[in-house]
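K.L.:
Chains as they are written, first to last, in this note's numbering: chain A, 1 to 100; chain B, 1 to 479.
Everything labelled a hint here was simulated from the structure, so no lab data went into it.
On the chain B side, residues computed to face chain A include the following (Cβ under 10 angstroms):
no., residue
1, L211
2, Y332
3, P420
4, L421
5, L435
Distance condition first, Cα-Cα at most 20 angstroms in a straight line; then the derived PhoX-like pairs of lysine-lysine:
no., chain 1, residue 1, chain 2, residue 2
6, B, K260, B, K396
7, A, K21, B, K337
8, B, K291, B, K263
9, B, K62, B, K113
10, A, K21, B, K347
11, B, K11, B, K476
12, B, K337, A, K90
13, B, K49, B, K110
14, B, K65, B, K54
15, B, K10, B, K476
16, B, K388, A, K60
17, B, K234, B, K110
18, A, K60, B, K382
19, A, K27, B, K416
20, B, K337, A, K95
21, B, K146, B, K412
22, B, K71, B, K11
23, B, K18, B, K68
24, B, K95, A, K21
25, B, K382, A, K40
26, B, K113, B, K10
27, B, K416, A, K30
28, A, K95, B, K347
29, B, K306, A, K40
30, A, K60, B, K234
Restraint-style ranges between C-beta atoms, simulated for each label pair:
no., chain 1, residue 1, chain 2, residue 2, range
31, A, G82, B, G278, 48 to 58 angstroms
32, B, R331, A, E41, 36 to 46 angstroms
33, B, K298, A, P68, 46 to 56 angstroms
34, A, D46, B, K412, 39 to 49 angstroms
35, B, I287, A, D46, 32 to 42 angstroms
36, A, D46, B, E249, 39 to 49 angstroms
Only a predicted model underlies this, so the values are computations on that prediction, with no experimental measurement involved.
Don't be surprised by glycine CBs; every beta carbon is placed ideally from N, CA and C.
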Amino acid sequence: MADINKKDLEHLAELSRIELKESEEAKLLKDLEEILNYFKELQELDTENVEPMTGGTDNKNVVREDMPGKTDDTGKAYPARGPGQFPENKGGYLKVPPVF
Amino acid sequence: MAHLHDLTIKKFHEGLLKKDFSALEITQATYDWIEKRDSEIGAYLSLNKDFAIKQAEAADIKIAKNEKVTKLTGIPIALKDNILVEGLPATAGSKILKDYTASYDSTVSKRLKDAGAVILGKTNLDEFAMGSSGENSGFKITKNPKDLERVPGGSSSGSTAAVADHMAVAALGSDTGGSIRQPAAFCGVVGLKPTYGSVSRHGLIALASSLDQIGPLTKTVEDAAILFNEIRGKDDLDATSADVDYSLEDLLNPKLENIKKLKIGIPEEYFIEGLDKGVSAEVERVINDIKSLGLEIKKIRLPHTKYALSCYYIIMPAEASSNLERFDGIRYGTRHKAGSLLDLYRKNREAGFGAEPKRRILLGNFVLSSGYYDAYYSKAQKVRQLIKRDFDEAFKEVDVIATPVTPTRAFKIGEKSADPLEMYLSDIFTIPVNLAGLPALSIPVKKRTGLPVGFQLIGRRFREADILGIGQFYEKLYN
Numbered sequence: 001m002a003d004i005n006k007k008d009l010e011h012l013a014e015l016s017r018i019e020l021k022e023s024e025e026a027k028l029l030k031d032l033e034e035i036l037n038y039f040k041e042l043q044e045l046d047t048e049n050v051e052p053m054t055g056g057t058d059n060k061n062v063v064r065e066d067m068p069g070k071t072d073d074t075g076k077a078y079p080a081r082g083p084g085q086f087p088e089n090k091g092g093y094l095k096v097p098p099v100f
Numbered sequence: 001m002a003h004l005h006d007l008t009i010k011k012f013h014e015g016l017l018k019k020d021f022s023a024l025e026i027t028q029a030t031y032d033w034i035e036k037r038d039s040e041i042g043a044y045l046s047l048n049k050d051f052a053i054k055q056a057e058a059a060d061i062k063i064a065k066n067e068k069v070t071k072l073t074g075i076p077i078a079l080k081d082n083i084l085v086e087g088l089p090a091t092a093g094s095k096i097l098k099d100y101t102a103s104y105d106s107t108v109s110k111r112l113k114d115a116g117a118v119i120l121g122k123t124n125l126d127e128f129a130m131g132s133s134g135e136n137s138g139f140k141i142t143k144n145p146k147d148l149e150r151v152p153g154g155s156s157s158g159s160t161a162a163v164a165d166h167m168a169v170a171a172l173g174s175d176t177g178g179s180i181r182q183p184a185a186f187c188g189v190v191g192l193k194p195t196y197g198s199v200s201r202h203g204l205i206a207l208a209s210s211l212d213q214i215g216p217l218t219k220t221v222e223d224a225a226i227l228f229n230e231i232r233g234k235d236d237l238d239a240t241s242a243d244v245d246y247s248l249e250d251l252l253n254p255k256l257e258n259i260k261k262l263k264i265g266i267p268e269e270y271f272i273e274g275l276d277k278g279v280s281a282e283v284e285r286v287i288n289d290i291k292s293l294g295l296e297i298k299k300i301r302l303p304h305t306k307y308a309l310s311c312y313y314i315i316m317p318a319e320a321s322s323n324l325e326r327f328d329g330i331r332y333g334t335r336h337k338a339g340s341l342l343d344l345y346r347k348n349r350e351a352g353f354g355a356e357p358k359r360r361i362l363l364g365n366f367v368l369s370s371g372y373y374d375a376y377y378s379k380a381q382k383v384r385q386l387i388k389r390d391f392d393e394a395f396k397e398v399d400v401i402a403t404p405v406t407p408t409r410a411f412k413i414g415e416k417s418a419d420p421l422e423m424y425l426s427d428i429f430t431i432p433v434n435l436a437g438l439p440a441l442s443i444p445v446k447k448r449t450g451l452p453v454g455f456q457l458i459g460r461r462f463r464e465a466d467i468l469g470i471g472q473f474y475e476k477l478y479n
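Using the sequences and the accompanying hints, generate a full structural model.
P.N.:
Spelled out as structure tokens, the structure:
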């Protein structure tokens with residue numbers, strides 16, 4: 001178990017695509033340290049031969065046929081769907097800033 | 001016309017059939033009441049007036065034409081704002097989805113619409129269902145209708161407050177670690193967290209996919225059974241939904257002779273230091289009431305209970321950090337101006353997420369990162385198995401487990417908001433149920449003194465009928 005420092009936090013923020021303000025960092029660091037410290041109690045438990053529980057269900061490999069769903073066949077624009085939701089829209093296409 | 005305060009799903013249905021009132025009258029009266037009260041409570045984020053009126057009129061026409069109706073026909077219902085209703089806003093309480101309109105119906109809203117229910121509007125919640133107090137919404141705080149200085153609990157704060165204050169006859173919430181049961185206990189209403197897999201999660205904005213369940217918030221246990229029965233069932237659009245043959249007779253018309261045969265377990269790990277003495281005394285009284293119905297009470301052990309909070313606060317943020325990756329302001333939601341694509345992601349997520357989602361995303365990515373995965377995430381998955389096994393063992397001896405819902409009554413607004421760990425501890429009795437995937441019911445203690453207190457009944461998987469049955473007979477003791 002390791003503690004978390006300012007550099008770790010900045011790296012995590014980078015991975016999480018979250019910009020952190022200097023003022024947020026100190027509080028977050030303190031909160032995360034306390035929370036991670038609380039987790040140390042788990043080390044008391046011997047889990048050597050315990051199968052991990054990997055989800056909420058025992059179902060395995062649930063598959064189904066692809067089915068055509070409901071479509072907007074009125075031909076009218078459907079404001080809640082697709083391009084209507086785009087924050088920026090150019091001629092029905094999604095507009096994004098340059099990648100590089 | 002009936003008084004809104006007296007209306008339950010059952011009474012509404014009976015009144016509608018007897019033509020004591022129309023669905024339209026009740027819908028309009030409910031909106032009038034919302035207008036009067038909600039500026040103070042803050043239960044709703046958006047109202048659906050035009051369409052709700054049409055739904056109410058459709059219900060009245062069905063009654064007038066003597067057409068077949070369901071138990072939900074015309075019932076005014078509120079939905080937590082992380083449940084999609086086509087064409088209505090769905091913010092999940094987050095600024096990042098401020099401008100989002102749902103493009104499809106969740107399975108539960110489709111079922112409600114098909115059953116003829118009237119969807120009044122969307123209710124406030126702690127952002128992305130992360131919180132236990134109703135103070136974490138990106139838009140406003142919800143207050144406890146029983147005491148406006150106190151929190152209603154969370155994260156289904158608005159749905160619970162709406163039902164508690166008669167701004168809806170019933171509501172749907174979602175429960176990942178207690179988000180239906182804890183506010184229900186704080187506001188004095190009934191809340192059911194169904195078995196994992198019994199209600200489709202399709203169209204629920206995901207927090208932690210292996211823990212989330214949608215469930216009812218109602219004024220009576222009987223109503224919770226009715227509403228649960230309408231929304232449950234196998235759904236091809238949710239791969240974790242289960243095909244279970246529920247007995248309608250057991251679920252909707254429980255018999256005391258069957259309920260009496262159930263054995264109740266009382267786990268000593270739930271009656272610990274930190275449990276408020278007043279709450280403990282109220283729960284003891286309920287246990288005696290249940291005993292008086294003829295059920296056998298037995299002490300049991302759930303030895304890994306104390307590790308549930310740590311286990312949960314590793315698994316839930318891990319899943320949340322993955323589920324919240326999609327909110328980047330690219331395809332929908334609110335977008336901030338930025339130079340490059342990378343800056344756009346950072347800027348949108350910085351401005352769009354509040355403190356709690358940020359904390360949980362960072363924590364989730366930490367426990368999943370290389371070097372820490374085994375010590376945290378993998379360890380937590382194994383501990384989750386131990387917690388589930390505790391319940392498996394207990395259910396060999398008893399049929400239902402009775403516990404408090406929360407360690408204390410509703411706390412004051414602002415009391416715990418500075419200390420996340422202190423806030424997390426308020427879910428200590430509800431979290432194990434989600435980890436194990438079990439059904440659990442939060443019922444208000446009757447004839448209590450002071451603010452509401454809840455008691456929790458935990459059942460075997462897919463045995464909602466047992467906990468709802470005991471709950472219904474408990475309520476009958478006080479009718």
